[in-house]
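The whole structure should be built from the sequences, with the hints applied where relevant.
So in the UniProt record's numbering the end of the sequence shown lands on 74, straight run, no missing numbers.
Where hints are given, some of them may not hold.
Pairwise CB distance ranges, derived in the manner of DEER restraints [said to hold, decoys possible]:
{"no.": "1", "residue 1": "D56", "residue 2": "K3", "range": "30 to 38 Å"}
{"no.": "2", "residue 1": "S42", "residue 2": "R12", "range": "12 to 20 Å"}
{"no.": "3", "residue 1": "M1", "residue 2": "D55", "range": "25 to 33 Å"}
{"no.": "4", "residue 1": "S63", "residue 2": "M4", "range": "15 to 23 Å"}
{"no.": "5", "residue 1": "K59", "residue 2": "N2", "range": "29 to 37 Å"}
{"no.": "6", "residue 1": "E23", "residue 2": "E47", "range": "14 to 22 Å"}
{"no.": "7", "residue 1": "S54", "residue 2": "N2", "range": "31 to 39 Å"}
{"no.": "8", "residue 1": "E5", "residue 2": "S65", "range": "17 to 25 Å"}
{"no.": "9", "residue 1": "S65", "residue 2": "E23", "range": "16 to 24 Å"}
{"no.": "10", "residue 1": "D56", "residue 2": "E5", "range": "15 to 23 Å"}
{"no.": "11", "residue 1": "N27", "residue 2": "G49", "range": "20 to 28 Å"}
{"no.": "12", "residue 1": "Q15", "residue 2": "V35", "range": "31 to 39 Å"}
{"no.": "13", "residue 1": "K11", "residue 2": "S54", "range": "18 to 26 Å"}
{"no.": "14", "residue 1": "M4", "residue 2": "D56", "range": "30 to 38 Å"}
Quick list of in silico lysine-lysine cross-link-like pairs, DSS-like style, CA-CA up to 30 Å [said to hold, decoys possible]:
{"no.": "15", "residue 1": "K3", "residue 2": "K59"}
{"no.": "16", "residue 1": "K31", "residue 2": "K3"}
{"no.": "17", "residue 1": "K31", "residue 2": "K59"}
{"no.": "18", "residue 1": "K52", "residue 2": "K11"}
{"no.": "19", "residue 1": "K3", "residue 2": "K52"}
{"no.": "20", "residue 1": "K11", "residue 2": "K31"}
{"no.": "21", "residue 1": "K31", "residue 2": "K52"}
{"no.": "22", "residue 1": "K11", "residue 2": "K59"}
Note that these hints are calculated values from the structure, not bench results.
Ideal placement from N, C-alpha and C gives every residue a C-beta, glycine not left out.
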Amino acid sequence: MNKMERQQQIKRIIQAEHIGPQEDIQNHLQKEGIVVTQAPLSRDLREIGLLKMSDDQGKLYYSLSEPVATPFSP
Numbered sequence: 001m002n003k004m005e006r007q008q009q010i011k012r013i014i015q016a017e018h019i020g021p022q023e024d025i026q027n028h029l030q031k032e033g034i035v036v037t038q039a040p041l042s043r044d045l046r047e048i049g050l051l052k053m054s055d056d057q058g059k060l061y062y063s064l065s066e067p068v069a070t071p072f073s074p
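Following this line, the structure appears as structure tokens:
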């Protein structure tokens, strides 16, 4: 898997649920058969432009900085 494909998987994971620490993202990727160490993962997150957000209880999670396109339903 190349870097671009890995970053697409990371975006998909972030869109699907609130993910906190990088370890959680790393674990999700590993479940999908993608092994990545902390340094490349950190670079991926920075290049994707993820933001750290806080929920109502103060728990930090990653969010995409770009708007997410969703299908239009009338």
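So, going through the hints one by one against the coordinates:
no.: 1; hint: D56 <-> K3: 30 to 38 Å; in the structure: holds (34 Å)
no.: 2; hint: S42 <-> R12: 12 to 20 Å; in the structure: holds (19 Å)
no.: 3; hint: M1 <-> D55: 25 to 33 Å; in the structure: holds (30 Å)
no.: 4; hint: S63 <-> M4: 15 to 23 Å; in the structure: holds (20 Å)
no.: 5; hint: K59 <-> N2: 29 to 37 Å; in the structure: holds (32 Å)
no.: 6; hint: E23 <-> E47: 14 to 22 Å; in the structure: holds (19 Å)
no.: 7; hint: S54 <-> N2: 31 to 39 Å; in the structure: holds (33 Å)
no.: 8; hint: E5 <-> S65: 17 to 25 Å; in the structure: holds (20 Å)
no.: 9; hint: S65 <-> E23: 16 to 24 Å; in the structure: holds (21 Å)
no.: 10; hint: D56 <-> E5: 15 to 23 Å; in the structure: violated (34 Å)
no.: 11; hint: N27 <-> G49: 20 to 28 Å; in the structure: holds (22 Å)
no.: 12; hint: Q15 <-> V35: 31 to 39 Å; in the structure: violated (22 Å)
no.: 13; hint: K11 <-> S54: 18 to 26 Å; in the structure: holds (20 Å)
no.: 14; hint: M4 <-> D56: 30 to 38 Å; in the structure: holds (34 Å)
no.: 15; hint: K3 <-> K59; in the structure: holds (29 Å)
no.: 16; hint: K31 <-> K3; in the structure: holds (17 Å)
no.: 17; hint: K31 <-> K59; in the structure: holds (23 Å)
no.: 18; hint: K52 <-> K11; in the structure: holds (14 Å)
no.: 19; hint: K3 <-> K52; in the structure: holds (22 Å)
no.: 20; hint: K11 <-> K31; in the structure: holds (15 Å)
no.: 21; hint: K31 <-> K52; in the structure: holds (23 Å)
no.: 22; hint: K11 <-> K59; in the structure: holds (20 Å)
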